[in-house]
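Enquirer: The primary structure of each chain is shown beneath.
Protein chains: 2
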Amino acid sequence: MTIAHRPAPLSTQDLTGQLIIAGERVTGSGSAIHGIDPTIGGRLLPAYAHGNETDVVRATAAAATAFGPYRATSSEDRAHFLSTIADNLDAATEVLVERAVAETGLPAARITGEVGRTSGQLRLFASVLREGSWHGARIDPARPDRTPLPRADIRQRKIPLGPVAVFGASNFPLAFSVAGGDTASALAAGCPVVVKAHDAHPGTSELVGRLITDAIAATGMPAGTFSLLYGTGRELGIALVTDPRIKAVGFTGSRSGGTALVAAAASRPEPIPVYAEMSSINPVFPLDGALRDDAAGLGRAFVASLTMGSGQFCTNPGLVIAVDGPGLDTFVAAAAEAISSSTPTPMLTPGIAASYASGVDEFVSAADVLARSEESTGPNTCRPALFGTDAETFLASETLQQEIFGSSSLVVRCRDLQQVREVTAELEGQLTATVHAADSDHENARGLLEALELKAGRILFNGWPTGVEVGHAMVHGGPYPSTSDSRTTSVGSLAIERFLRPVAYQDVPAALLPQPIADGNPEHIWRRVDGELIRD
Amino acid sequence: MTIAHRPAPLSTQDLTGQLIIAGERVTGSGSAIHGIDPTIGGRLLPAYAHGNETDVVRATAAAATAFGPYRATSSEDRAHFLSTIADNLDAATEVLVERAVAETGLPAARITGEVGRTSGQLRLFASVLREGSWHGARIDPARPDRTPLPRADIRQRKIPLGPVAVFGASNFPLAFSVAGGDTASALAAGCPVVVKAHDAHPGTSELVGRLITDAIAATGMPAGTFSLLYGTGRELGIALVTDPRIKAVGFTGSRSGGTALVAAAASRPEPIPVYAEMSSINPVFPLDGALRDDAAGLGRAFVASLTMGSGQFCTNPGLVIAVDGPGLDTFVAAAAEAISSSTPTPMLTPGIAASYASGVDEFVSAADVLARSEESTGPNTCRPALFGTDAETFLASETLQQEIFGSSSLVVRCRDLQQVREVTAELEGQLTATVHAADSDHENARGLLEALELKAGRILFNGWPTGVEVGHAMVHGGPYPSTSDSRTTSVGSLAIERFLRPVAYQDVPAALLPQPIADGNPEHIWRRVDGELIRD
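The listed protein sequences derive, respectively, from chains C and H. Heads up: the first sequence runs through residues 1 to 536, numbered per UniProt numbering. Heads up: the second sequence runs through residues 1 to 536, numbered per UniProt numbering.
Note that these hints are calculated values from the structure, not bench results. Since this is a predicted model, take the numbers as computed values, not measurements. Some hints here could point you the wrong way.
As the list claims (entries may be wrong) - Chain H is nowhere near these chain C residues, computed Cβ spacing over 12 Å in every case:
#, residue
1, R157
2, T393
3, V508
Claimed, not checked - As a list, the in silico EDC-like pairs of lysine to aspartate or glutamate whose alpha-carbon atoms are at most 20 Å apart:
#, chain 1, residue 1, chain 2, residue 2
4, C, K455, C, E426
5, H, K455, C, E497
6, C, K455, H, D507
7, H, K455, C, D507
8, C, K455, H, E497
To be verified - Partial pick of chain H residues on the chain C-facing surface, computed with a CB cut under 8 Å:
#, residue
9, R138
10, D530
11, I534
Cβ atoms here follow ideal geometry from the backbone N, Cα and C, with glycine treated the same way.
Just need the whole structure built from these sequences, with the hints factored in.
Expert: Structure follows, in structure tokens:
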């Protein structure tokens with residue numbers, strides 16, 4: 001019976017503005033910040049006082065203490081824990097939507113969907129735990145009769161790295177924040193998590209932190225399995241990443257923020273992996289046949305993807321690369337008309353809105369302004385913008401190759417497909433690349449696909465990159481600087497591998513073998529025996 | 001028919017002292033080095049002139065050009081290529097043994113075994129390619145009827161990172177050198193390889209480089225798939241790692257060399273992964289019951305492992321941690337007697353012999369000398385040494401926690417098991433940890449095993465860490481500083497994953513899908529479909 005643990009339903013009135021360290025509420029001693037309603041520029045209560053290095057040490061020490069018992073829990077126990085967090089989130093949808101909408105200016109429908117996406121992600125990792133392949137179990141049985149030397153019995157499984165620091169992102173207050181993909185995959189792997197909340201949604205972070213803490217109590221997990229800290233990236237964030245008890249880092253945010261964490265992690269006496277998802281302009285390639293089929297429709301759909309959520313997506317289509325001609329003219333005309341008639345919408349924070357405005361100003365000096373939406377009288381809005389240039393100007397301009405976070409995109413006109421390939425070859429690493437191709441484009445698309453594989457983590461055809469499906473096959477990652485580590489993904493079930501490492505067991509007595517590699521396959525999981533996958 | 005490509009049998013008379021760049025022989029313009037016969041200190045012909053940055057650029061440019069066609073080859077074609085290298089190595093065993101013995105002072109039987117291990121490793125990766133799981137194929141089929149939004153068709157596979165730089169190690173002139181595990185796994189992944197040969201065995205490196213080049217010609221692989229350079233780590237090595245065309249690095253060697261490459265790779269505009277296998281002292285834990293059973297036999301077997309190959313193994317047992325008592329006394333007495341009666345043997349190079357001697361001198365001032373072998377009159381020999389100390393002294397001494405490369409080990413006497421655990425907790429990351437345990441030790445061993453999982457990549461019971469089996473379950477890796485990246489292994493079939501990254505394909509037309517994730521599973525490989533492993 002877990003009734004004793006069942007918490008009262010949360011309400012935004014309950015918010016205390018405190019840190020959560022191993023289940024305890026701790027009042028920060030640093031400067032106070034507030035959630036801001038960006039649609040009116042108004043402060044939301046309560047105040048959140050930042051923590052300090054002492055809080056970091058308390059949280060990481062608790063995580064280190066929890067690590068042993070937490071990693072010793074069974075897959076089933078951790079699956080139940082993750083599912084309980086998911087249930088708690090779903091049950092709190094109403095209050096989460098109320099607070100997250102107030103703190104982000106995002107529509108209620110979007111936040112409601114994001115709650116479901118976040119709980120769904122937790123349940124996906126619960127299913128990954130139950131399926132068992134995550135153990136990476138391998139067995140090479142002994143061959144005592146082998147000549148010239150007998151072969152020992154060697155078995156392999158993966159174990160968690162240790163406590164993980166997670167940095168919440170501004171743009172997904174749930175799905176890439178306190179209980180987002182980094183937290184879910186690290187907890188699934190058996191790693192305690194210390195989250196640094198994003199100052200853009202402190203109340204939402206507290207609500208989610210309490211729901212996780214409730215789930216820890218309800219499922220009997222060690223208290224130090226989760227802590228939630230508030231503070232600046234430069235101080236508390238660096239203290240967290242350089243704490244010797246932290247063994248890996250998950251981050252979604254800006255290129256400058258991500259590279260600072262990567263540098264801090266590399267400078268440690270014991271360097272650790274940092275999974276930073278940073279910067280991407282997500283090129284779109286409408287090919288000749290696709291433009292002939294419906295250039296205007298493509299242009300309008302492009303703007304719908306570009307302006308959704310004020311363009312505040314890592315996968316926002318910030319670049320269109322295409323061969324000049326009447327098809328592209330029609331595409332641009334339709335896109336420009338859609339941009340012109342679009343409405344400015346609030347951005348997540350005053351800082352993000354200011355960065356957007358200054359980024360657009362730089363583009364105004366470097367490229368042609370094809371369209372802008374009407375002016376806005378509200379605070380912190382994104383006023384969608386469409387720019388145009390030619391390939392030579394694009395390749396010569398550092399400015400035009402930078403990401404603008406928000407609804408701004410640049411159309412690069414190329415002389416021919418050869419020039420499209422030249423521009424593609426110069427692109428930095430990307431989260432996504434999108435091709436629009438009719439059947440008649442397939443031969444050209446094939447060559448482009450090969451080039452794009454080396455530039456992006458996900459390649460889409462005839463769709464739009466915004467919207468990242470959470471599943472087994474998704475890759476939300478890509479070559480530098482879209483991420484700091486292209487060998488993995490931050491969305492989808494493969495993400496659990498970021499927090500694991502293999503260990504080999506040689507001639508370990510049967511009584512001491514971990515269950516996943518024990519004789520008789522007691523967990524009934526897929527294992528690679530002498531190289532053959534079997535589930536005996 | 002490939003008869004036209006069949007090369008004449010190699011002989012050491014054929015050695016030219018040249019670099020091999022994309023199949024062409026290139027005479028270096030830098031300072032010349034020679035192979036040295038360490039048993040007599042004599043120079044071996046020919047001279048090898050070091051290459052320069054121009055050679056690096058030629059090799060990496062050729063690798064970049066080869067990358068497209070090479071990664072487009074089928075798994076079967078690459079498997080055939082790897083098998084052909086293996087066949088070439090086996091056919092050249094005699095000349096390889098002749099030259100490698102001359103250059104390293106290692107026994108002919110050991111080198112003969114190492115040729116077989118190296119060709120076996122290449123064939124292992126050929127089998128991995130044919131089995132097909134390396135693709136990491138995942139398919140989440142479209143769900144057009146899903147509400148509120150339809151699901152796209154998303155598929156995932158892994159692709160190679162790009163050209164890889166491999167640094168040959170001194171201590172395995174074949175298995176961790178030009179055609180060693182790093183090269184084999186990178187070539188299997190579809191990555192062209194540029195090797196920097198180790199100056200300790202330039203002639204062996206040239207022989208192997210020519211055998212690989214012959215295999216490239218015989219199997220029709222692109223010429224730039226492989227190049228072999230000579231040069232210093234500080235100049236040519238850094239130029240190679242910072243070349244923008246290189247996308248990953250494999251290294252086996254010293255901690256200072258590895259950390260220099262890691263720093264160079266991190267400082268690039270586009271940082272790249274470095275897999276450096278660096279430093280390990282490989283603690284051994286003889287427990288109470290095991291010592292009661294046969295302390296003297298354990299002591300002798302320990303010295304046999306310690307002195308094999310002059311102790312020049314990454315997994316050499318350089319540390320013994322045990323509870324004080326009569327059992328440990330007997331173990332030490334037997335080990336000391338075995339050390340005293342052992343014979344000094346030549347080391348790989350004069351530099352390694354000098355480092356060994358100075359490392360031992362430092363230990364002489366920091367610990368008790370329990371035994372040394374007789375003096376040697378030959379050049380460049382390793383004179384085995386056994387030291388002893390107590391736990392407090394060990395924990396307080398930086399010197400005693402360092403690796404000495406060669407036959408030297410330190411016995412740390414602990415008051416009790418609690419102190420064994422305290423010493424263990426302070427150890428740096430290790431490639432291996434070894435427990436000797438009788439049945440009566442199992443309860444104590446269980447707790448130790450959990451602690452050792454966090455410290456080492458491989459845990460052995462009742463054996464010795466020297467000897468690294470090449471198979472599917474092996475882990476030759478471990479926490480920092482044993483390697484720079486604990487999430488992987490440099491030996492065994494999992495090593496291929498170091499050179500791959502996942503790419504997702506969303507709604508890509510069937511005609512354009514790569515074979516491993518094409519409809520109908522044309523390669524008949526294991527694929528994860530909606531999370532379920534199937535081979536349809």
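Enquirer: Determine for every hint whether it applies to the structure shown.
Expert: A quick look at each hint next to the structure:
Non-interface status of R157(C) relative to chain H is broken: a Cβ of that chain comes within 12 Å, the nearest being about 9 Å off. Interface exclusion of T393(C) from chain H stands, the closest Cβ pair being 22 Å apart, more than 12 Å. The claim that V508(C) lies off the interface is violated: its Cβ sits roughly 5 Å from the closest Cβ of chain H, which falls inside the 12 Å cut-off. For the proposed pair K455(C) and E426(C), the alpha carbon gap of about 9 Å is at most 20 Å, so the pair holds.
A threshold of 20 Å between alpha carbons decides the hint, and for K455(H) with E497(C) the separation of about 19 Å falls inside it, so the pair holds. Proximity of K455(C) to D507(H) is assessed by CA-CA distance (about 18 Å); at most 20 Å being required, the pair is judged to hold. Taking the CA atoms of K455(H) and D507(C), the gap is near 18 Å; set against the 20 Å cutoff, the hint holds. Annotation: proposed proximity of K455(C) to E497(H) holds, straight-line Cα distance about 19 Å (limit 20 Å).
The interface hint given for R138(H) is met, as the beta carbon of that residue sits about 4 Å from the closest beta carbon of chain C, less than 8 Å. For D530(H), the interface hint holds, the least distance from its beta-carbon to any beta-carbon of chain C being 7 Å, beneath 8 Å. Of the supplied interface hints, the one on I534(H) is violated, with its beta-carbon coming no nearer than about 11 Å to a beta-carbon of chain C, more than 8 Å.
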